[in-house]
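> Start from the sequences and build out the full structure, keeping to the hints where you can.
Listed below, chain by chain, are the residues.
There are 2 protein chains.
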Amino acid sequence: MKKVNIKENERIDDLNRNGYKIIQNTQNFCFGMDAVLLSGFIKVKKDEIVIDLGTGTGVLPILMAAKTFGKYFIGIDIQKESVEMARRSVILNELENKVLIETADIKTVYENYEKHSFDVVTSNPPYMNAGGGLLNSYTPKAIARHEILCSLEDLIKSTEKLLKFSGRFYMVHRPHRLTDIFITLRKYNIEPKKIRFVQPYNNSEPNMVLIEAVKGAKSMLKILPTLIIYDENGKYTDEVSDIYYK
Amino acid sequence: MKKVNIKENERIDDLNRNGYKIIQNTQNFCFGMDAVLLSGFIKVKKDEIVIDLGTGTGVLPILMAAKTFGKYFIGIDIQKESVEMARRSVILNELENKVLIETADIKTVYENYEKHSFDVVTSNPPYMNAGGGLLNSYTPKAIARHEILCSLEDLIKSTEKLLKFSGRFYMVHRPHRLTDIFITLRKYNIEPKKIRFVQPYNNSEPNMVLIEAVKGAKSMLKILPTLIIYDENGKYTDEVSDIYYK
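These protein sequence lines map, in sequence, to chains C and H. The opening residue of the first sequence carries number 7 in the working numbering; numbering runs sequentially from there. The opening residue of the second sequence carries number 7 in the working numbering; numbering runs sequentially from there.
Derived by calculation from the structure, the hints in this document are not laboratory data. Some clues are possibly wrong.
[Claimed, not checked] Simulated restraints on C-beta separations: (1) C:239 with H:245: 17 to 25 Å; (2) C:32 with H:223: 34 to 42 Å; (3) H:238 with C:172: 22 to 30 Å; (4) C:225 with H:77: 35 to 43 Å; (5) C:237 with H:24: 37 to 45 Å; (6) H:248 with C:208: 35 to 43 Å; (7) C:225 with H:100: 39 to 47 Å; (8) C:193 with H:114: 49 to 57 Å; (9) H:209 with C:53: 27 to 35 Å; (10) H:114 with C:225: 24 to 32 Å.
[What the hints assert, rightly or not] No more than 25 Å apart at the CA atoms, straight line, and that leaves these computed lysine to aspartate or glutamate pairs for DMTMM-like: (11) C:224 with H:117; (12) C:73 with C:90; (13) C:86 with C:117; (14) H:199 with C:197; (15) H:200 with C:40; (16) H:241 with C:238; (17) H:199 with C:186; (18) C:147 with C:197; (19) H:163 with C:111; (20) H:49 with C:40; (21) C:224 with C:90; (22) H:77 with H:14.
By construction, the Cβ of each residue, glycine as well, lies at the ideal position given by its N, Cα and C atoms.
What follows is the structure, given as structure tokens:
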């Protein structure tokens, strides 16, 4: 493991995969359970080329490099400090020949690549509507969480331009946006094929949804059994524990 | 309870509600669990006017007359034999002043009523794509189950013409059609507001979805906890048992 600089408010966390570590900034850029669960949902086949839109800490490309036999993982983010930090995580794990982190805007990133050239696009995008007065400062955290610089439609429009025909798009989002998500995906000819709801407990409502959509596919949606996070004792269920540690 | 004629292949079943009974034809028109679960999902407020599209045996209007304080329940079906049988069930239960069963085509039924005059529209429509060669005869059963005479879009288009602004639409359907359902509802300005998946066992995939959509409402979908039909011993769960018997 290489040595890299660690800045103020940063810490190194263990990813429990291949000994990989990740740098997080406790003030601005931390990944959440949604990114980890998405990493357990994404399928990347041997030699596939993957791009992660709004990569933040770079957790998805780094976890996918650990979990899959994909050839190359690009992560892009609009926030330079986040890109710089994610690059240090790549160096820390000696993944420079598999993972590339770039500064780019989701809305225009497709201009940097050959059209329709990616096998897989992934994203853990900002969930929240840009909304009103609550957001008077565009802090790094607000940009990562709210649709300030990138709407759901911006994301999906760009995904269409990046994805190959029959290429797969994986996203985690909030269940209350499901209608908007389906409508926007269909508009750009990326058909929802599998969804999996995630809920904290056995009897609670889902608070996340994992989505697999396939460019140009026919309409036929599969609803996978709901993923439950905690058992009755408040511990991770076996499945979530496997996603984190196995 | 009045006496009514019972024909060949017909039997009288107990609805376990207010002593109501229903006539079913074991060859052609039987209601399924989907209709019963939909009856437990539908909310009808005092004095509301309800229309059920593709009513079959009339089970939904009759169950809603038993379970709610709605004012008036109309059930329509394109199949005359089914309408005639459902009318006898209405008479059997002495519900002639609350439930009316009419022969009508879902595609044109709105022409018979004042535009946008219903508080609630319900439907347990044909689920299956009209498809190809399997259906060389349009049997009563095939018409009730397949989109031969009425597509999903026909149903929703007609629902829009029947429903008041802020009126509610309740439907049970197959989860694999969810994208088509959402897109078609949005197209006709009937916004999906609540969905509930139904699955046979705790760990199986859902095989039904209950949908509440509201005309002219804003986008904000609520996913209710999944309804499980059978417990680990193969018996109805308490909730399903309550829907059937309580």
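> When the hints from earlier in the document are held up against this structure, which numbers fail?
3, 6, 8, 11, 18, 19, 20, 21, 22
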